[in-house]
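Undergrad: This is what each chain is made of:
Protein chains: 2
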Amino acid sequence: MPETRLDTARIRAARREIDPVFLDTPLYRCEALEPCLGCAVSIKLETANPIRSFKARGTELVASRLADSASRAVVCASAGNLGQALAWSGRRRGLDVTVVASRFATRVKLDRIRALGAKLELVDGDHETARERAAAIARYDRIRLVEDSLDIETCEGAATIGLELVDTAPSFDAVLIALGGGALATGVGHVVKALVPGAEVICVQPLGAPALTLSWRQRRVVTTDSADTIADGVAGRHPIPAVLDDLLLVADDAVLVREESIVAGMRLLLNHAGLVVEPSAALGIAAILEDPDRFAGRHVVTIVCGSNVDVDAYHRWVSAAPR
Amino acid sequence: MPETRLDTARIRAARREIDPVFLDTPLYRCEALEPCLGCAVSIKLETANPIRSFKARGTELVASRLADSASRAVVCASAGNLGQALAWSGRRRGLDVTVVASRFATRVKLDRIRALGAKLELVDGDHETARERAAAIARYDRIRLVEDSLDIETCEGAATIGLELVDTAPSFDAVLIALGGGALATGVGHVVKALVPGAEVICVQPLGAPALTLSWRQRRVVTTDSADTIADGVAGRHPIPAVLDDLLLVADDAVLVREESIVAGMRLLLNHAGLVVEPSAALGIAAILEDPDRFAGRHVVTIVCGSNVDVDAYHRWVSAAPR
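These protein sequences, in sequence, are chains Z and H. For what it's worth, our numbering labels the leading residue of the first sequence as 1, then goes sequentially. For what it's worth, our numbering labels the leading residue of the second sequence as 1, then goes sequentially.
Extracted from the complex, chain Z is given alone in its bound form (with noise of 0.2 Å):
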């Protein structure tokens, strides 16, 4: 049983906070997907439910919770997806939710925030200046602040997908994960490996956006001056010293992939698999592709996060190069 600061029972009684349009989304074999990767693919998509992402899992244990509390305010930095999520949860909580981002941010998600009637203050700066002025907001107005990774409930609601996969899939050999703030991965990571220890962790980060890969191999925490990658979802610079404790205990392995290699993944799994993923989301083909001797032969587990996608990019993506 790894020593985070994650527990399996609380995640367990977890999922009972949880909106269930969130919960026990699809996992499935994708055979069309095979042939193209040389091993056997499972999907679990977390993108078939309404904000298209993963992120509402940990926002409805921060909302939840809130709702029985005196406080009514919230305020989180997000790249978009969590932003989205906590808006949703916020809302169906009478909640007053802020979020902060990037104006550089991918438009879609800004709107989609809007359109859930959270209010929206965006900085110049990247993602790192938004959870600046996120921290500065949560103590100047006395209100809680939401810490992507390093709050429990954003790490144990994302759990719950690790909790679906022991549960329901046949057996695996290894689940890779999109790594950015660290939640999904220790999240996942810390249930795979309390229950399937056998199971490999692998983490995908892009190239581009390497800071907690490199604190991970690197057994410290190691900041990048920037990021530059497609996928926007997993661009952090700082990563959480507690968050890596946590890393450290459950991944396997922690691997970077080329941004080429993620725009061949979206684009796998829309001609093979029908799917829509934003560029974190085919991370974990991504890294198949790159070394598929690694996976040859094995069952592979990938999560299918998110797929706030800006179209026109994503058109511009998926249609750039041959299938």
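Keep in mind the hints are simulated off the structure, nothing from the lab. Treat the hints with care, as some may be off.
Listed next, the stretches of chain H that the computed footprint assigns to chain Z, with coverage defined by at least 3 CB atoms under 8 Å from CB atoms of chain Z [to be verified]: (1) 19 to 33; (2) 233 to 245; (3) 267 to 274.
Part of the chain H face toward chain Z, derived, beta carbon under 10 Å [to be verified]: (4) V108; (5) L110; (6) D111; (7) R112; (8) A115; (9) L116; (10) V166; (11) T168; (12) Q218; (13) V277; (14) S307; (15) V311; (16) Y314; (17) V318; (18) S319.
Fair warning: this is a prediction, and the values are worked out from it, not measured in the lab. We put the beta carbon where it would ideally sit given N, CA and C, even for glycine.
We have chain Z; now place chain H onto it with these hints.
TA: Here is chain H on its own, set in the frame of chain Z:
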């Protein structure tokens, strides 16, 4: 309680014979579609499974019952989705599956039927020719013929979607159902009329393949000489009398939509819901687009019934016009 050939208690029991990978599919509000459509829209998504359509709900019943009998061989005619489903369900149980299809059927569907290990026989002519040939094979070889929409398993399998709708959905005002042979419409329609009689059951068929809609309107079987639609999954010409009888009991309306509305529906589902769908699965959205006043302000459920598209044709359709 509509006196169709279907039985609600039997449908509930049937869930136990269906592989869980096909059950309890996502059902969720899709608010991003709503400004374009002028009504509340929920999606029941039947594409996130190993065969990318709802058809396995029926073939699971066929195959599990056949696996318990002495005969291990089965044949069906298919436009492509039933064949994939029967191939999948039969392979799992060691059945000998033959699928007859038109040589003009969607290539990727035929490829998947072969990949799933079924014997595929192609006929010159359309789906009605394939039906005749499948019946001839069954008579000659004395094996089980699966007739889509006539065989009760195909209707009651599809009807499990209706159970999930009425058990899970907050109240809805209407359900939009693609109308082809009639299994989906009579199945879901039976359950909705039995359990939520106030909800409107609306069947949607392409103007280019209107046989069952014309039959429903005239309360007698009407055949057509040809079918001309991109919605290959619903392009039948010879309605089955027993299916029409059931449809007359459960459908509140049957509407016909233009090809350009089907394409517009596919494009909306891609660009605002992130869903790749085959033309038949966009019929519900097409119906809203053609008659927005009818649905204004109401809560409509549409069943996204399949996503097996020819990739090149799909790209052509969705990129052909403005968003």
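Undergrad: Are the hints correct? Go through all of them and say.
TA: Right, here's what the structure says about each hint:
Residue count for the segment 19 to 33 of chain H with a Cβ under 8 Å from a Cβ of chain Z: 11. That meets the three needed, and the coverage hint holds. Figure legend: the segment 233 to 245 of chain H, annotated as covered by chain Z; annotation inconsistent (0 residues with Cβ-Cβ distances under 8 Å, at least 3 required). Counting residues of the segment 267 to 274 of chain H whose beta-carbon sits less than 8 Å from any beta-carbon of chain Z gives 3, enough to reach three: the coverage restraint holds. Below 10 Å, beta-carbon pairs count as interface contacts, and V108/H has one with chain Z at about 8 Å; its hint therefore holds.
Using the Cβ-Cβ criterion of 10 Å, the hint placing L110/H at the interface with chain Z is not satisfied: the shortest such distance is roughly 13 Å. For D111/H, the interface hint holds, since its Cβ comes within 10 Å of a Cβ in chain Z; the closest pair sits about 9 Å apart. With 10 Å as the threshold, the beta carbon of R112/H comes within range of chain Z, its nearest partner Cβ sitting at about 7 Å, so the hint holds. Taken as an interface hint, A115/H checks out: its beta carbon lies about 7 Å from the nearest beta carbon of chain Z, inside 10 Å.
For the restraint placing L116/H at the interface with chain Z, the shortest Cβ-Cβ distance is roughly 8 Å, inside the 10 Å limit, so the hint holds. Checking V166/H against chain Z: minimum C-beta separation of about 15 Å lies over 10 Å; hint violated. With 10 Å as the threshold, the beta carbon of T168/H comes within range of chain Z, its nearest partner Cβ sitting at about 8 Å, so the hint holds. Proximity of Q218/H to chain Z is violated relative to the hint, the smallest CB-CB distance being about 37 Å (cut-off 10 Å).
At its closest, the beta carbon of V277/H sits 8 Å from a beta carbon of chain Z; the interface hint therefore holds under the 10 Å criterion. For S307/H, the interface hint holds, the least distance from its beta-carbon to any beta-carbon of chain Z being 4 Å, beneath 10 Å. Annotation: V311/H was flagged as interfacial toward chain Z, and the flag holds, the nearest CB pair being 5 Å apart, inside 10 Å. With its C-beta approaching chain Z no nearer than about 9 Å, Y314/H sits inside the 10 Å limit, and its interface hint holds.
Taking 10 Å as the C-beta contact cut-off toward chain Z, the hint placing V318/H at the interface holds, the least distance being around 8 Å. Residue-level restraint check for S319/H holds (minimum Cβ-Cβ distance to chain Z is 7 Å; threshold 10 Å).
The structure fails to meet hints 2, 5, 10, 12 from the earlier list, while all remaining hints are met.
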